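Asks: Turn these sequences into a full structure, and let the hints steer you where they fit.
Spelled out from the first residue to the last, the chains are:
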Amino acid sequence: MDDRNAALRAKEDVTRRWLLGSLLTAYTASLVPWALAQPIDDRDQGAFLAISAIIAGHQALDAQLAKRLYDALIVDDKRFPSMARELLSLIDARKIEPLHLQQVLDAEKSSLAGVPRAIARAWFLGIVGSGVQARCIAYENALNATIVSDVLKPPTYAYGVYGSWAAKPV
Amino acid sequence: MPDIAVADFVVIGSGIIGSTVARKLAQAGASVLILEAGPRVTRAEIVARFRNSPRRSDWMSPYPPAPWAPHPIYQPQSNNYLVQAGPYPYEAEYVRQVGGTTWHWAAHAWRNVPNDFRIKSLYNVGVDWPLEYDDLEPYYQEAEVLMGVSGAPNTGSPRKKPFPMEPVAEPFAMRRIRERLASAYEVVTNTTARNSRTYDGRPACCGNNSCQPICPIDAQYHGGLAAHAAEAAGARLIPDANVYRLDHDEQGRISAALYYDPDKISHRVTGKTFIVAANGIESPRLLLLSASDKFPRGLANSSDMVGRNLMDHPSTSLTFDADEDLWLGRGPQSPSSIGVMRDGSFRAEHAPYRLDFTNISRVVSATSALIDQGVYGDEFARRLRYSAARELNVKNVLEILPDPNHRITLSDQKDAMGIPKPQAHYSINDYTKKGHERSQQDFRRIAELLGGSNLRFSKDGAYANNQHICGTLSMGSDPKASVCDQWARAHDHENLYLAGTGVLPTCGTCNSTENGMAVALRTVHHILFEHKASDAPASPRAG
Amino acid sequence: MTVMSFNAGLKGLLLSAIVLAAGAWSTARADSANNPDAALIERGRYLANAGDCVACHTEPGGKLMAGGLAVATPIGPIISTNITPSKADGIGDYSVEEFSAALRRGIRRDGQGLYPAMPYTSYAKITDEDVAALYAYFMQIVPSVDHKPTETALPFPFNIRFSMRVWNWLFLDAKPYTNDPAQSAEWNRGAYLTLGLAHCGACHTPRNILMAEQNSRLLAGADLGTWFAPNITSDRNSGVGLWSVEDLIHYMRDGHAHGKAQAAGPMAEAIDNSLRHMREGDLRAIASFIKTVPAIHDNADAKPAFEWGAAGGDLNAIRGVAVPTNRDQWGGEQLYNAYCATCHQAEGQGSFDGGLPSLFHNTTLGRTNTSNLVMVILDGVHREPDVDMPGFAHELTDSQIGTLANFIIRQFGNPSGSVTARQVDALRAGGESGMWMVWIARLLIVAVVLSVVGIAVTLILRGRRAERGTV
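Residue numbers (our numbering), protein chains in the order written: chain A, 189 to 358; chain B, 717 to 1259; chain C, 4 to 474.
It should be emphasised that the hints constitute simulated quantities derived from the structure, not laboratory data.
Being a predicted model, the structure only gives us computed values, none of them experimental.
Don't take every hint at face value.
[To be verified] Anything over 12 Å on all C-beta distances counts as not near chain C; from chain A, calculated:
| hint | residue |
| --- | --- |
| 1 | Lys255 |
| 2 | Lys297 |
| 3 | Arg305 |
[What the hints assert, rightly or not] Short derived list, chain A residues pointing at chain B, Cβ under 8 Å:
| hint | residue |
| --- | --- |
| 4 | Gly245 |
| 5 | His246 |
| 6 | Gln247 |
| 7 | Arg323 |
| 8 | Tyr327 |
| 9 | Tyr350 |
| 10 | Ser352 |
| 11 | Trp353 |
Glycine included, each C-beta is placed from N, C-alpha and C at the ideal position.
Replies: See the structure below:
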């Protein structure tokens, strides 16, 4: 674990760490692999971004998309910013690992259990809200598309010229 | 009430079959009017709506119903347009718009196998068709040339002439499945209305993997193209015209169609011959809505069979992880299947079925599953890539036998235009359930041959629907037991024809469009060449 | 001018070839190894392909070399003639000298001039030996077709064919190509083909007011009415100076150069009909020659046309935003995404293997002249055997095409290009009308006639005054 922390810290941009510094403790900073390329508007968005980075792993997070998702999450539930801050503190206080996060929250019937799910849906699927309130914020840039973009195009986009799908994917 | 007088043919419904009938009649010089309940659409806006959809797996989301011509939707909430009377839900999906539902299809264009026409004589189940495979063969060919169909050459349906083009290139994943199953099963390239070369001015498939709900490049044929061709041939098309009633004269001849425009103003259209082509639910609905003193049970319904014998194709499936990277999602959605169980002596005991391999990308479903499980961080990417690369699905397409208790009736609830909604009475019978049970053997064997792990069978007792609406206007030689004759002319009304999959008296194991098209083309041929008298065009149009 | 004379040896060769062939009508691919006559005919067939005679003389779906294809010009259509060996309706009665006169000097058997839509100023470069081979091919292999296409009828005064003799006197260099001893055999072959049979300058060299190619601006680019043929001189930015010989060969043989350009419109036809069938060695020769054509530079070209742009687009602006019901209100990204991105991909990057090309690093979007971009959007791209980008003329309005084109130029191309709806409208209609040329010509003639009459009257009046004896 220590080797991983050291390696991660070495990779991180010092400037970014400074910007996040007020939000993150050593523990939570170690969970944010790199992710963020732009300065953050405010502390609330910062908490959202920090949790986003934890949930998204090593995926690059587009700053403009982050802002749109954040705004949409607030529209969906105006308590979102405070819940995000609370969750970040909780993660830090109890040193919860990303892989156990949802289990722990679900098992405790935590009021914050919906927060990581909402953030995951936002980044991985590009969707905020559910039922009739659901809104699409991203499709091609949703992380589930970018994660497989070396092999697949998102449905409706052409794979290639006729017959190109017959070959084994490289 | 404004009137439109049409000399020859009024076609109700502009779907792939209605539009093709209209086109052929117009090409022969008749004056033709098509009345379509829904609006005109463009491919571009459908593509835009799909990419903007907040429900990734909801293929109806690019097709929001028009308030003046509702169609059933079930997400995010059911609009309760198709009322469910049970005991089993029949959550049919169709689209009321110019071009109809095939904007949205996977382009399967199978012919029946010859025995499908005679399951009563051969297996003592269901009914026999009032015609044989050979009667339909030239019209199958005509439909295939019209739509641009190709497929494996020998799939149990004999043909006199080759397909108009080569089969669509096989995706890598399907090739591996075919190779690894070869010892036990013959996996064939599907017969589809999808271009393997430029055809009819439309490009070859480019593997957009979104056949359902929309082919963004028109590489597959669909009703929008048929409607466009009908208009180009001289048929007149009025969209946003919700036909709610057919009137008749004292002799029982259909005299007029009445429709509402979006402002609910009624319009009256007269003509010599009427062709109802409004899909297997809306067509019987219209006939039932047209009940009168003379025909208290609705038009064409002395047999009381209108709306009855509702059939579709239910499906169950198995999802599993293969032991090699295959990457579904490259190429068309529905490339390959196994047809060995489409016919055989077992049909006396249980339903036949086709086995379909999907090539639909796993990415969205795997993402949703992983989020549900709370998988985050780098583990998410790893597991998403694993599922996208390895997850496979095989499903059955089961036959349902005609049962008069399975039917479309009129609900006492009314839709936004004040018209009684359609209501579905449906169940899955033992014959079909036994077919499902038999297919589990095949599912297991297939998974075994592909080194399958993590086997996930579809929920017991749950059957997915395939939107192949058959039987509700069954053709037959006995007017007491059927709605129309072998040329789809209503037994009860000389100038009323029915076009669409509703006339098919059994559903076999193949998607219904090609069958419905061939039957309709035979109907048009009959109208134009054999039945001279009052059905012939009044006068050939100049030019 | 008199009929061209051949040396006796060539005549002898021709006569023996014709005698040998008289008894045996061979098929298109005669056995060249054993039969020197067959070799001549095969060479003639290859040269006819290199000269792309079919481009004008065969109607799409029509009979080989039977004419009838209307070439649009600013002053009206010029209709190609039947050049099959039909005696009644084709060139069946032509001697080899007459064939040569038509081919290399634009003079018909009846003495009338051909319009330079027939690129005889280029074909003038063809050597006598190659003319003989072409003659053999046309007379012996091309099937005779008895059908006379409609005669060309340009408006006065352009219907006076005699004027073509004057034009020839001004602009025709009637000397066949001779090798430059300072250059390699390959270069000379390339020069011979480029300047002669392949007649690249017929499209790519700008013309003066009298429609003659400007030799000082060889291959510097020209407007063809709707499409334009770009600068293919050796200039690094304005031309193909930064293309490798391999790039050029791929382009001519396959219709595209990866990461640079793809052929469409008339160039796609030239490749389909002619270039892709030529021998690799000849394509290499043409490419090597092209790379030495004197550079003609346009200061507006800050970079090579293929270097512009990068992956881009503005998905964030459109995702989750419903498209407007009024189609003329769709924004550029909405149009791009719904109509183009399906193949060219959301960020303009094209498919994995480039088969569906990227829009950045693509000359179609890299030029200040945007006509070809609009033409591609209207007509699509169609090349043998399997390239079929659909055209969007029926799906998009002029206004939509303007919005779309300006968007993709900004995102993926050269920002000094722009497109207007008016431009799209004109291109849809087949280009700007050239009838103004007809009116100017007529006015000039009136002016000349009036001047001549005026001078004559003045002279006559002066003469009469002199007669009346004023001293």
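Asks: Indicate, hint by hint, whether the structure satisfies it.
Replies: Hint-by-hint comparison with the structure:
Distance check for A:Lys255 against chain C: the nearest CB is about 9 Å away, which does not clear 12 Å, and the non-interface claim fails. A:Lys297, annotated as away from the interface, keeps every beta carbon of chain C farther than 12 Å; the closest lies near 32 Å. No Cβ of chain C comes within 12 Å of the Cβ of A:Arg305; the nearest lies about 20 Å off, and the non-interface call holds. A distance limit of 8 Å between C-beta atoms decides the matter here; for A:Gly245 the minimum to chain B is near 4 Å, and the interface restraint holds.
Interface restraint check for A:His246: the shortest CB-CB distance to chain B comes to about 6 Å, inside 8 Å, so the restraint holds. Taking 8 Å as the C-beta cut-off, the interface hint given for A:Gln247 holds, the closest approach to chain B being about 7 Å. At about 5 Å, the closest approach between the beta carbon of A:Arg323 and any beta carbon in chain B falls short of 8 Å, and the interface hint on this residue holds. Checking A:Tyr327 against chain B: minimum C-beta separation of about 5 Å stays under 8 Å; hint holds.
Nearest Cβ of chain B to the Cβ of A:Tyr350: about 4 Å, under the 8 Å cut. The hint holds. Satisfaction of the interface hint for A:Ser352 is found here, the shortest Cβ-Cβ separation to chain B being roughly 7 Å, below the 8 Å cut-off. For A:Trp353, the interface hint holds, since its Cβ comes within 8 Å of a Cβ in chain B; the closest pair sits about 3 Å apart.
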